[in-house]
Amino acid sequence: MNIAGFYDESISNGVGWRAVLFVSGCPHHCPGCHNEKAQSFTYGEPIDKKNLLQRIQENSILRGLTFSGGEPLCPENIAEVLDFLYEVKKIKPNFDFWCYTGYTYEELLKRQDPVTEEFLNQIDVLIDGRFILELKDPDLTFKGSKNQRIIDMKKTREKKSIVLWENE
Amino acid sequence: MKIIKRDGRLCEFDRQKIIDAICAAMSRTEKGVDLQIAGRIAEEIEKFCEGKNEFSVYEIQDMVEKKLMDSSRKEVAQSYIIYRYNRDVARKSKTKDIFLDIIGAKANDITRENANMNADTPAGMMMKFASETTKPFVDDFLLESDVREAVKKRYIHIHDKDYYPTKSLTCLQHPLDKILNEGFRAGHGSSRPAKRIETAAFMGCISMETIQNEMHGGQAIPAFDYYLAPFVKKTFQEEIKKIGEVISKDCSHLMNYQPEDYIRKDAGDLKGDERYLQVAINNTVNRVHQAMESFIHNMNTIHSRGGNQVVFSSINYGTDTSAEGRCVIRELLNSTLEGVGNHETAIFPIQIWKKKRGINYEPTDRNYDLYQFACKVTAKRFFPNYINLDATFNQNNLWKEEDPERYRYECATMGCRTRVFENRFGEKTSIGRGNLSFSTINLPRLAIEAAHLAQERTGLYFPLGEGSEKHMTRIYKDTVLRIFMNRLEYYCDLTARQLYERYQFQCTALAKQFPLLMKGMWMESEKLNPDDRVEPVLKHGTLSIGFIGLAECLVALIGKHHGEDENAQKLGLKIITFMRDLCVGYAEKYNLNFSVLATPAEGLSGGFTKYDKHEFGIIKGVTDKDYYTNSNHVPVWYKCTAEHKAKIEAPYHDLTRAGHIFYIELDGDAVKNPESVQAVVDLMDKYNMGYGSINHTRSRCMNCGFENADANLERCPKCGSTDIDTIQRITGYLVGTTSRWNSAKLAELHDRVTHDECCGKESE
Ligand code: SF4
Ligand SMILES: [Zn+2]
Numbered sequence: 001m002n003i004a005g006f007y008d009e010s011i012s013n014g015v016g017w018r019a020v021l022f023v024s025g026c027p028h029h030c031p032g033c034h035n036e037k038a039q040s041f042t043y044g045e046p047i048d049k050k051n052l053l054q055r056i057q058e059n060s061i062l063r064g065l066t067f068s069g070g071e072p073l074c075p076e077n078i079a080e081v082l083d084f085l086y087e088v089k090k091i092k093p094n095f096d097f098w099c100y101t102g103y104t105y106e107e108l109l110k111r112q113d114p115v116t117e118e119f120l121n122q123i124d125v126l127i128d129g130r131f132i133l134e135l136k137d138p139d140l141t142f143k144g145s146k147n148q149r150i151i152d153m154k155k156t157r158e159k160k161s162i163v164l165w166e167n168e
Numbered sequence: 001m002k003i004i005k006r007d008g009r010l011c012e013f014d015r016q017k018i019i020d021a022i023c024a025a026m027s028r029t030e031k032g033v034d035l036q037i038a039g040r041i042a043e044e045i046e047k048f049c050e051g052k053n054e055f056s057v058y059e060i061q062d063m064v065e066k067k068l069m070d071s072s073r074k075e076v077a078q079s080y081i082i083y084r085y086n087r088d089v090a091r092k093s094k095t096k097d098i099f100l101d102i103i104g105a106k107a108n109d110i111t112r113e114n115a116n117m118n119a120d121t122p123a124g125m126m127m128k129f130a131s132e133t134t135k136p137f138v139d140d141f142l143l144e145s146d147v148r149e150a151v152k153k154r155y156i157h158i159h160d161k162d163y164y165p166t167k168s169l170t171c172l173q174h175p176l177d178k179i180l181n182e183g184f185r186a187g188h189g190s191s192r193p194a195k196r197i198e199t200a201a202f203m204g205c206i207s208m209e210t211i212q213n214e215m216h217g218g219q220a221i222p223a224f225d226y227y228l229a230p231f232v233k234k235t236f237q238e239e240i241k242k243i244g245e246v247i248s249k250d251c252s253h254l255m256n257y258q259p260e261d262y263i264r265k266d267a268g269d270l271k272g273d274e275r276y277l278q279v280a281i282n283n284t285v286n287r288v289h290q291a292m293e294s295f296i297h298n299m300n301t302i303h304s305r306g307g308n309q310v311v312f313s314s315i316n317y318g319t320d321t322s323a324e325g326r327c328v329i330r331e332l333l334n335s336t337l338e339g340v341g342n343h344e345t346a347i348f349p350i351q352i353w354k355k356k357r358g359i360n361y362e363p364t365d366r367n368y369d370l371y372q373f374a375c376k377v378t379a380k381r382f383f384p385n386y387i388n389l390d391a392t393f394n395q396n397n398l399w400k401e402e403d404p405e406r407y408r409y410e411c412a413t414m415g416c417r418t419r420v421f422e423n424r425f426g427e428k429t430s431i432g433r434g435n436l437s438f439s440t441i442n443l444p445r446l447a448i449e450a451a452h453l454a455q456e457r458t459g460l461y462f463p464l465g466e467g468s469e470k471h472m473t474r475i476y477k478d479t480v481l482r483i484f485m486n487r488l489e490y491y492c493d494l495t496a497r498q499l500y501e502r503y504q505f506q507c508t509a510l511a512k513q514f515p516l517l518m519k520g521m522w523m524e525s526e527k528l529n530p531d532d533r534v535e536p537v538l539k540h541g542t543l544s545i546g547f548i549g550l551a552e553c554l555v556a557l558i559g560k561h562h563g564e565d566e567n568a569q570k571l572g573l574k575i576i577t578f579m580r581d582l583c584v585g586y587a588e589k590y591n592l593n594f595s596v597l598a599t600p601a602e603g604l605s606g607g608f609t610k611y612d613k614h615e616f617g618i619i620k621g622v623t624d625k626d627y628y629t630n631s632n633h634v635p636v637w638y639k640c641t642a643e644h645k646a647k648i649e650a651p652y653h654d655l656t657r658a659g660h661i662f663y664i665e666l667d668g669d670a671v672k673n674p675e676s677v678q679a680v681v682d683l684m685d686k687y688n689m690g691y692g693s694i695n696h697t698r699s700r701c702m703n704c705g706f707e708n709a710d711a712n713l714e715r716c717p718k719c720g721s722t723d724i725d726t727i728q729r730i731t732g733y734l735v736g737t738t739s740r741w742n743s744a745k746l747a748e749l750h751d752r753v754t755h756d757e758c759c760g761k762e763s764e
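Order-wise, the sequence lines are chains A and B.
If you're matching positions, the first sequence starts at 1 in the working numbering and goes up one per residue.
If you're matching positions, the second sequence starts at 1 in the working numbering and goes up one per residue.
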């Protein structure tokens, strides 16, 4: 898997300070995409897990890791993304995990794929849906267009229906 | 026999000084120096003066002139006179140029020394005229010759030199309780003690505004919440009384009711006493809110100091856990969040949150809710900053939770970073004390010169700066460090002496020259009579030796700065520890509170760098920018994580007891993520740092009110307006537009690396 970039720390991709992994490759091709180059699966460099894990390990300001892209959850990427999540969890058991995806939550459920299900079980927050230029709003927090949802996955798993995330 | 110097101080007659002056004049003549004649004249003058009382420097000079005229070397007298005349003319024409600059309202560095002053107004110009003409006066008449040389060659900078002749002190942490409980007794007329929150808050303003005119630095309130809390209670009781009058019932049994917290609630469903109490609470909260609002408004609009400058004010708070103290804090934060005027960010006062475990830091602490709120306010309004009372050096053993006056033992800071806490002459406290004066040493310059000397001595020549370490031999490294440390010691000694001389000069001021300050606001000043010299109480102040450009200094010495290299960090700590140890020595020698200051660089970093660049040329990583890095900071352009920056800078906080600040540059919108502010405070807690603040940008559309964190916002994404106001921070103070910044600071701002996404490994 190639990555388009890695932020050691960011305050714009979820609550608190977070590391952000930008995965290369995306099948959605939304008009107005924030990172068009990253739509190609060959963009960027192969992921250097050892290096990234070390950088995450050393940084105590981090509260969690956010997956972004590109599309972390397309069939080409999801297995490796899940793998990386496991490894980060090993060194940072208290981390929370956020993930941006162009798929909707319902689309992901429809896959009926064990890897996708496992991934959804592991993460804390999912921001779902394509980016729609007409629905773009600079006032939004942690998302680009109004159609996207910030889903609290823990509560969603408990309630077995979608619960939107709210910042305490 | 004594000589009266130009500043009125007395010194011993020194024959050698006369000989030197004559020889200097002789060396400018064709026949050159004749030591015999010079010695004879000096001797004659000494004989003439012997047994008599006092002579002024001018009288002595006149005698020298006359003796020269009577000697075989008349031409020397001429040279002596011409030299003095030329110096006068040179001084005057320089003055003329500076005056023309000020009049022309040009955007040059002289009129932009201070980010928060508008020097183009008539009153502002008047201040600049005064300031620019007093500086040469200080050079010529108040400084020792070696100090004057050191200033001229930019080895040291004397801060607020223009105020030197006024004998003013720098700054004060106001014991506001005195004013609130006793009223003003200074100046024209007096005022009575405060009875309600509105007057109490207003008297806080007046106190800072009045004393601002008696000092040259900032004004601060060390425990804003504790001082104002009693007046919340009084306001509440006033409200109870009012209700009693309205309903014509005796409510005196409610007078001593202690609310758990002052929170506004709908009283509609409540009955009887409960209802009256809630109404009284609601009205009290409203009044406290309005009082805080006008306090902030006043601090941003009332101009003192010649009418062109608002007070450089700061307030410390956060540790009062009483219901009344909490009410003050909450409403202060609420008004700050709302903003002044058209919801704009208030520039003053600088607010400082006193972070303390057991009080407001852990989720179970009584004031934790307010701390979280404070972080939210910081995200939007830059303030509060955070002082870490848990840092080992900010603690006082006398602090006890059950002590209602425990704030006396809490360290407070001036917003700009000046810290006064330890005292050779009493308990550790900030209250009623302040800095007397401070001067800053140009570390990069000392390092460059040491390197040049070391190259000469070792015969090893190579270009200095970044990457030069590969040329260095062991012998070279030892040599350059030895030379550097020697020179550093020399300039620290010189600076300490300069501070001491200024202190002695300040001591000659009479109490009445600082009418409110010396009426009990400065520690122990209540015992002074108006005509007494202030000397006996000045000992409670501090004298600080500052430094600038540690990063560039290290690059000049060993090719790397402390942010990028472990050995550089070790050396950096060694250098500042050395300065700290020297200050411990000066404290003993002069019996005064000496300490090291991590100098804020405003108005000074540019002056040093420009001068050094001119003399030494461009040295990579040293003189290749328009500024030197702030004190011990990791260079603003260096990319690293926030935690790395914290780890590197933290140990300097303990060494710089005169003040320090940790900045984190945020990219991204903290308003949407206030947890990110809390995480920065956590870093301060983890690494034992004293004081820190968060730098980010707020851009605001003046048309529709849209806000974001984009420093380059030109067009509002909501309404398309181009009327955008961008606020950023400079030396701890906020500025609305960048047009008043001096060029060095603008360059620094441009180079700042933000700590969000600074490590992005975007592959191209
Ligand atoms: S899903 Fe995201 S990365 Fe993919 S095209 Fe849409 S905006 Fe771009
Ligand atoms: Zn707008």
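By construction, these hints were calculated from the structure, which means they are not laboratory data.
There's no promise every hint is true.
Restricting the straight-line Cα-Cα distance to at most 25 Å, the calculated cross-link-like pairs of lysine-lysine (DSS-like) are [stated by the list, open to error]: (1) B:K376 to A:K143; (2) A:K92 to B:K647; (3) B:K686 to B:K428; (4) A:K146 to B:K718; (5) B:K470 to B:K686; (6) A:K143 to B:K672.
Now for the hints, and whether the structure bears them out:
Using a Cα cut-off of 25 Å, the hinted pair K376 (chain B) and K143 (chain A) holds, with the two alpha carbons roughly 20 Å apart. For a cut-off of 25 Å, the pair hint linking K92 (chain A) to K647 (chain B) stands: about 20 Å separates their Cα positions. Proposed proximity of K686 (chain B) and K428 (chain B) is supported: the alpha carbons are some 24 Å apart, at most 25 Å. Restraint check: the Cα-Cα separation between K146 (chain A) and K718 (chain B) comes to about 15 Å, which is no more than 25 Å; the hinted pair holds.
The straight-line distance between the Cα atoms of K470 (chain B) and K686 (chain B) is roughly 36 Å, outside the 25 Å bound, and the hint therefore fails. Distance hint between K143 (chain A) and K672 (chain B) is fulfilled; the C-alpha atoms sit about 11 Å from each other, no more than 25 Å.
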